[in-house]
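Using the sequences and the accompanying hints, generate a full structural model.
Letter by letter, the chains look like this.
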Amino acid sequence: MNAAVLQQSPLHHRAARSGAQLAAAGGWQRVRVYTSVAQEVEAVRRGAGLADETANGKLLVEGREAAELLGVDLRIGAGASLEGGRVYRLRPDLFFLSTPPGEQEGILETLRARRAGRFLTLTDLTPGRAELRLAGPASPQVLSKLGGLDFEHFPDGEARQSSLAKTPQLILRRDLRGAPAFSLITARSLGAYLWDALLEAGREWHIAPIGQAALALLEDPSPSQGGRP
Amino acid sequence: MLILNCPNCGPRNAAEFRFGGEVTPRPQNPDSTSDAEWARYLYMRPNRMGAQTEWWYHRAGCGLWFLAERHTRTDQVLKTYLPQTASRDA
Amino acid sequence: MPESGTSSRLGPQPGETIDRSRSFEFSFDGRRFSAHPGDTIASALAAGGARVLSRSFKYHRPRGLLCGAGHCPNCLVQAGDEPNVRACQRQVEAGMAVRSQNAWPSLDFDALSLTQFLSPLMPVGFYYKTFMRPRALWPLYEDFLRRVAGLGAVDPASRPTGFAKQFLHADVAVVGGGPAGISAALAAAGEGARVMLFDENPALGGHLRFAGSGGVLPGLLRELENQPRIQVLTDTAVVGWYTDHWLAAVQGKRLFKIRARAVVVATGAYEQPLLFAGNDLPGVMLGGAVQRLIRLYGVAPGRKAVVVAADEESWEVVAALREAGVEVAAVAASHPGPRAAALEASGVPVLHGHTILAALGEGQVRGAVLGRVDERGRPVAEKVVSCELIALSSAWAPAAELAYMAGCRGAYDAERAEFRLEQMRPGLYVAGRINGMHAVEGQLLDGRLAGLEAAAHLGLGSGPAPAEAEALRARRAAQPRRTLPPVQVAGEGKQFVCLCEDVTDQDVETAVAEGYDSSELLKRYSTISMGPCQGKMCSMNALHLCARARGVEVAKAGRTTARPPVAPVALGALAGAHLEPVQLSAAHDWHVERGARMMVAGLWLRPEHYGDPTAEVEAVRQRVGLIDVSTLGKLQFTGPGAGTLLERLYLNQWRRLGVGRVRYGVMGNDEGVVIDDGVGARLGEEEWYVTTTSSGAAAIFELIQWWMQSGWGEGVHLAELTEVFAAFNLAGPQARAVLQKLTDLDLGNQAFPYMQVRQARVADIPCRLLRIGFTGELSYELHCPAGYGRPLWEALIQAGGEFGIAPFGLEAQRVLRLEKAHIIIGQDTDATSDAFAAGLEGMVKLDKPDFLGKRSLLRVAAEGPKQRLAGFEMSSQVVPEEGLQIVERRSGKLEIIGWVTSSRFSPTLKKIIGLCWLPAALAGRSGAEFSIYREGELLAARVHHGAFYDPEGTRLRQ
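Residue numbers (the working numbering), protein chains in the order written: chain A, 2 to 230; chain B, 3 to 92; chain C, 43 to 1000.
There may be inaccurate statements among the hints.
Below, a list of computed lysine-lysine pairs in the PhoX-like style, where the Cα atoms sit at most 25 Å apart [stated by the list, open to error]: (1) C:K908 with C:K935; (2) C:K295 with C:K207; (3) C:K207 with A:K167; (4) C:K425 with C:K295; (5) C:K862 with C:K887; (6) C:K299 with A:K167; (7) C:K862 with C:K953; (8) C:K295 with A:K167; (9) C:K952 with C:K862.
Residues from chain C shown here face chain B by an in silico Cβ test under 10 Å; the list is partial [to be verified]: (10) T285; (11) W288; (12) K299; (13) R301; (14) D712; (15) E713; (16) E744; (17) Q751; (18) S752; (19) G753; (20) E762; (21) P891; (22) L900.
These stretches of chain B come out as covered by chain A in the derived footprint (C-beta under 8 Å, 3 or more residues) [as the list claims (entries may be wrong)]: (23) 15–25; (24) 58–64.
Hints are computed from structural coordinates only; laboratory data are not their basis. All of these numbers come straight from a predicted model, not from anything done at the bench. Yeah, the Cβ is synthetic: ideal placement off N, Cα and C, and Gly gets one too.
Structure representation (structure tokens):
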């Protein structure tokens, strides 16, 4: 058996066909670079960039004692750092955890071990949701063409569930250094549709697809971290 | 009503919600309910003019069903709240 | 005739918007015109001497520039492929091909204008009166009406792009960027509110941009620039107020949907035309148009003018004309303002107490008849003045549509001859000229107070100070009274009330005489106010005429209802960008690459077939096939209460199902009607994995959530995994052989029997395997994390190569399931099909405690269903279309007794089979004959019980 079967995002074949540079992360195929790191970084700095972050881990924790298990005290929509990822409260008894690619499984194990008789359900949604990251100064405006939330005043680090491009979404505000950024988490089957809708809405701000390399550079522009393969 | 206040998520565009109809309590013991009473539960809706309590579902948001008191003539929503767990059978 | 000749462009004006350092050309009806950046189409045409811009709707009267503010129908033109462009609002672009509308064959010689000589034959309501009979001639009438009623041409070949919608959010939305609006925005922002300020013009300022009182504008604009909480949107017309303070606004090709918490309407007022003979001739202009042409665009509106002056602003118009070097031949003044004397002293002939009685000229203004109106309302002509421009500065109607939409009432103030707004909705404020404040100081103060009140409504600041409120009251009381009512009817000849629809004063009187005497009836009968201006130019005058004809006060005549849009909106802006969600499975690209014909199923695109559905059926029956069923709804129930919930939701048993086993499940509603089906696998003591139909997935999930959240959810959690798992069904006698190549799991019939579930790795991909048989063959449904969907699909196809595997689509699946007489809920059943009637009595466990549908099914069980779903075989070679009716001859007449729900040619059985609804007694007799009605013929069919293919089900248990 081939041990190297990797999961694919709903945009994988499109990206592969277009000649994007791919790289593995956490058991997933991801796009490292679409065109060039410099161009992609520039697109985000000037207007907007769109990245495919479907590989990010996505967990749901459900149960009346979920807050207790997670050890967090959050109002609805608020978020907090947890186990290398970030947890958001979606409902009184429902939490969403976002993790770096592949790390959801370890967290799942940790939480299961900690459960100790509580009636809690842990669900790994990772393969079932597409996750797109829209970044850049124009991103609130791009989103305001597709949805009714006040994206200009959406607090960083928080989560909202709302309609975007006529489809239900979990929207996380996760700013990059100096630029607003949003993670849009939707049904996997709608990933390609949402991607196209965002590119169309962002056209007037010269939106461009961006890969993980540019994103890493924007997240931490220090030379020791960025730009290395 | 173009904005509806989801008890979980806050005020949102009404298009995010699905209307779930008037609150119609299900008889406690269907087996011993008369045909007439059962038919009333299934098919009869008062459709009153004035404030009525109805179900709404935040389809594009949190996925919670909640109750809204809405005035059917002015279309103003007077309040919204999450159901008590047992209220449906009341 | 458009006059060619010398340019009417003046020397530089202080507040002009044009850039004289550059110029370019555009065309109007093929003629070349020159323009500067900043010119509108209308200003550039006026500069080039074109006075006739379009033809009217009914009589094809020539139309010239009238309001210059985008409110009237006169300057609607076609620009490129876009019809109904307001020439006075649209900036002209280099190379723009502008054409006049409603002119056939040409603007100068409009053959249809002959209809004005037919006008005695076209009285008010002529559509209703003339074109009703004879009915057979309607196509001819329609052709004629369409030709004369044109409002521009739509080019079906043009594909406009760039339309979009966008949401905006503001604490306070201020509509109108004149002095009141700016002042309101500054005041609200000063209290900490986030403000959006909208204006339909390219720049803020309102009348300050072109009227003499503009000195305060630069200061206001500086204040705005220094206030970061104010966002200004110019060229943006707010076209509707909706409940909860939603506003709709249009900026070019963009529709804004604005969610505001408070709204200040500072939209000013519409300058009103007067009624007199010839009031529609090109050369008759409103004072605002005159001022705009001169001050914004540096264009002289004519060489010799008569001004009809009725208020203080009128003298601004006179001053503007004189500054532009236009000879003011006479001022017919009913307003004795303080500036009149000064102008008179400087040589302007002012005729006090005069007004206009008629405009003279053929095709355009050549002169004006001025005079008095005696105490009995009769005109007394006194003087004829030669001129080519008649400037009307007489009356205002508040631009109150938004306030009216918000539920405000308009009360008529007879002394000031205008409507006053009352009964404000909480959070809605009006300020400025709309509120009866005509002088700039009052407008500024009124705006400030409205802004403070709007902020206070949001809990910001404490509202206006008492002293300010008192000052405003004083200013309001000091407003000058109007000396001239908006309507002035005198003299002979047509006086146009409604410029859009060519309705005259006589038409209004006739309509009222015929009984259409309420404003709403008058509107519908005469079509007054139903044209592009939507009443901005005519409602007030019509109301006065209606009141006079009825002999009542204006206040009693009643206003018509204001509805969106306030300004014209392109349909493209309402449609916005194309957004049509489409769901694609993980293997979608593979299907497309392999030439699948995709079909729409809900939001999904699914393969209907890959070229030959019959061959796909044969592949499954004889070898092996693979279908993508990722669209199935997938629900996981966990917890101690899961079994109880499932037994309440479904007709069948779940709790007795052993761990590792699978069963078919049917869900009913409380009417006993079947609403969904699928399979359920018990993965653990407290864990069930259940599929729903693809089409029902979303609705069933919502329904189950409702039952759970309203009382049945104790001790159970529901995870919606539809998208988490891709699902493929590998079916056919060779399915086991194909699968065994990819997994270590023992697939032997003993180790993994029919209707069981296993979890194993297939092609090194973690899978849930359900051994089920919708197709009637040995089959495994593989569910894997969707990220592995395509790799798994490709691995299965590759492994099946040596066995002749074929991907199959929905069409083959429909045939395969029909051969097994499996029903599809929603196709073979409808909202009245109870479980017994649908042949699912075996699923209904009436010995369970209460479950959805039990109470109703108990009654059905006692009485028996009246109709039943049954299989049938055709006696002929015709496939009866799904939906055809089944009939029976009763006393010589055909009566409908049932209908066909599914039908196909079965390539396996080589005959035509189907499912249908029949009376229960008939359905119960195997082999009984009945007739299907098709295109006048009766087709014979026979009842068939059980599956058509492999009725014992041995193949799927192999």
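Here is how each hint holds up against the structure:
no., hint, result
1, C:K908 with C:K935, "holds, 22 Å"
2, C:K295 with C:K207, "holds, 9 Å"
3, C:K207 with A:K167, "holds, 13 Å"
4, C:K425 with C:K295, "violated, 50 Å"
5, C:K862 with C:K887, "holds, 23 Å"
6, C:K299 with A:K167, "holds, 15 Å"
7, C:K862 with C:K953, "holds, 14 Å"
8, C:K295 with A:K167, "holds, 20 Å"
9, C:K952 with C:K862, "holds, 14 Å"
10, T285, "holds, 5 Å"
11, W288, "holds, 5 Å"
12, K299, "holds, 9 Å"
13, R301, "holds, 7 Å"
14, D712, "holds, 6 Å"
15, E713, "holds, 6 Å"
16, E744, "holds, 6 Å"
17, Q751, "holds, 5 Å"
18, S752, "holds, 4 Å"
19, G753, "holds, 4 Å"
20, E762, "holds, 9 Å"
21, P891, "holds, 9 Å"
22, L900, "holds, 8 Å"
23, 15–25, "holds (count 3)"
24, 58–64, "holds (count 5)"
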